[in-house]
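Trainee: On the provided structure of chain B, position chain U as indicated by the hints.
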Amino acid sequence: MAYKEMLQIWRDPRSLAIALLMPLMQMAMLGYGVSLDIKHVPLCIYDQENSQQSRAIVDQFVSSGWFSISRSLDRQAGIRHAMDRGECTAALVIPVDFSRRLATTGSANMQAVFDATDVNTTNIALGYAQGVVAQANAQIAAHWNASHGVHPSLVGQVDLEPGTWFNETLDSRDFIIPGVVAVILALVGAQLTSLTISREWERGTMEQLISTPVTALEVMLGKLIPYFAIGLVDAGFCLVSAVFWFGVPFRGSITTLFVTTSLFIIVVLGIGYLISVRIRSQLGASQIALLVTMLPTTLLSGYTFPIDQMPAPIQAITLIVYPRYFVTILRAIFLKGSGLSDLWMPIFGLSCYALVILWLAARAFRKRLD
Amino acid sequence: MFERLSVMLMKEFLELKRDHWAMFRLIVPLIIQMLVFGYAATFTVHHVATSILDLDQSQASRSLISHFVATSRFKVVDVTQNRNDITRDIDRSTATIAIVIHAGFGRTLENGQSAPLQVIVDGTNSNTALIALGYLNQIVARFSMDQSSRAANFRAGTAVPEIGISLQARPWFNEGLDDRWFFIPGVIGTLTLLQVVSLTAFAIVREREVGTLEQIMVSPIRPVEFILGKTVPFFLIGLGDIALVSAFGIFWFHISFVGSPWIMLLGASLFLMAALGIGLLLSTFSRTQQQAFALNFFFVNPLFILSGFAFPIAAMPKLLQWFTVINPLRYFLVVIRAVFLKGVGFSVLWPDLAAMALLALAMLTISVLRFRKSLD
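From first to last, the protein sequence lines are chains B and U.
Under the numbering used here, the first sequence has 988 at position 242, and the numbering climbs by one with no breaks.
Under the numbering used here, the second sequence has 1159 at position 218, and the numbering climbs by one with no breaks.
Isolated chain B (complex conformation) (with noise of 0.2 Å):
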């Protein structure tokens, strides 16, 4: 039976090509394309004092390399036209009187505009801003105690010392790629499977498979065990070439991967199987196949969005959304070098997933054959 299905897809070049080759297209284009590092926010200047300390504040902007000046404007009605055209994404507006309130109270007021359209660009980009001006108020207060001789505050101030673990240059990229790979692996796999045996009822190879002697579960893991195959090959480029082309860093053991990986290519290739064996058109099968796979599997996962943000509703759907597991699992293995023992838990769910999926889809089909 195995050999049969194997036949089949080797006679069908295409398919198999597809199979394999798209595992890595897709690492390829989503591996860079997932990004949410913002290098260089591109800011607008409204400058309506234009003297030597404005310019510095604005130099220090620059200069910390978080953001890119686009545009000097000269009305506060360009910072409407600048963002509706996308030309910036934050603006900065220096009032008239900023070097002269600074030189006798001490203290002056600077507006930054965003185009909050994108929250996530906005909050990073505040987040940078607020340090710049940060940096920029200690040499203020220390310029302004040498000169008039005042102890800034009373109390001592608190020095922020953060250490970050795991993924220390914070590259939004090691974040994401585990995740790429399970979600490309989940979608591959849900694709290889899902049409194979609406395929043999549309062609009317059902009926001769049926008179045959083979029972459901033979007939379960004929139709598994070369997709099996075909997944672990997939599961190889993929990770090979997170570590070895994206660099993520890879500090857990090769067996914690392969047992993993092997129980997640289990789960996906199972739901295909039962969706096909469900769904008697390819149609659609393949529909199905797609709303239960493509963007649960983006959305859901947490491969971007992480899912302890969720509104509890979502987040309990989230526990039926396979590839969450393997997410939690692939991103622990990689940044962390978590062993089996740290992630039963996750491990655990896959495991009822497979063990569910695979008692359902043997049962599904008996069903068919009465």
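Since the hints were derived computationally from the structure, they do not count as laboratory data.
As the structure is a prediction and not an experimental result, all values here were calculated from the model.
One side only, chain B facing chain U, incomplete, derived with CB under 10 Å:
#1 Met775
#2 Val780
#3 Phe844
#4 Gln1055
Idealized CB from N, CA, C, for every residue including glycine.
Mentor: Here is chain U on its own, set in the frame of chain B:
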């Protein structure tokens, strides 16, 4: 031509009408997805799990802890005096942030010296880490301010003026910084793209596989008419989809809609034509539905990821940025977000609208040409 076209259209709508499940299949998943993704897609950072190692046990350290407890940005899960607890919390992911208050923290502050505060961040999710660090800075700054004003009141009875620049943030177009306002217009575009491309690709390959394509071809219907007959219903379905999910966004999620519905309609029409073009093109490349399905996955996922839906195009490498130029979803997201949130008009959006029109024209032309060839 119009007579044949209307017959073809009638046939398509009849088929759709006979399929009782079709309406259900088209509408219900769309609404469910809209609801789920509307709630799920967020980068907002709230209730960051925090454990605090307090080795100082002073009034200052307790005051600092209460600053963290008071804000909804952080959720203090553990206050401990054992260093190992901190490592364990981070390793097991029970805490994302660990704060270490060294012994002597309060005394150093009272002496007017700066006291170090050690923070360990689990950087696995770099985005959460970055944003949480920003919040942390704000809370510590507020703590410092509170401490110094209390000391000032205590000693002199007057507040010390603040030295330095205060940065006033003005987030435009989305004053509440609610990132649902960013994602939900994106979800509208993405869901429509997914549905329209797959519907179109499958419908034609299906005719081919079932063998009815030959029947149609021996009838006097010309390829262009056939394609029009196939695409017009999906175009209408797509428009219905967009209207439905937009209404959901506006009335359920309360996304502001400040722009012109006409620009929206124009953008949606051009986008749908481009999406239909992609679907048709995919169908000309596949003989079986399995191939259509594989191709669908192959192309639609990158279209979605490389559209700026969640990952800013500006953060991609230059090569991929060029690639996004042929992605109609990229332009539609610009238009739909601009119409919903910014309310800008044709004078600003014309490049994006023109790009979609060009893409639609190019893809429809190529697929008609390829379709003709595949029949010969």
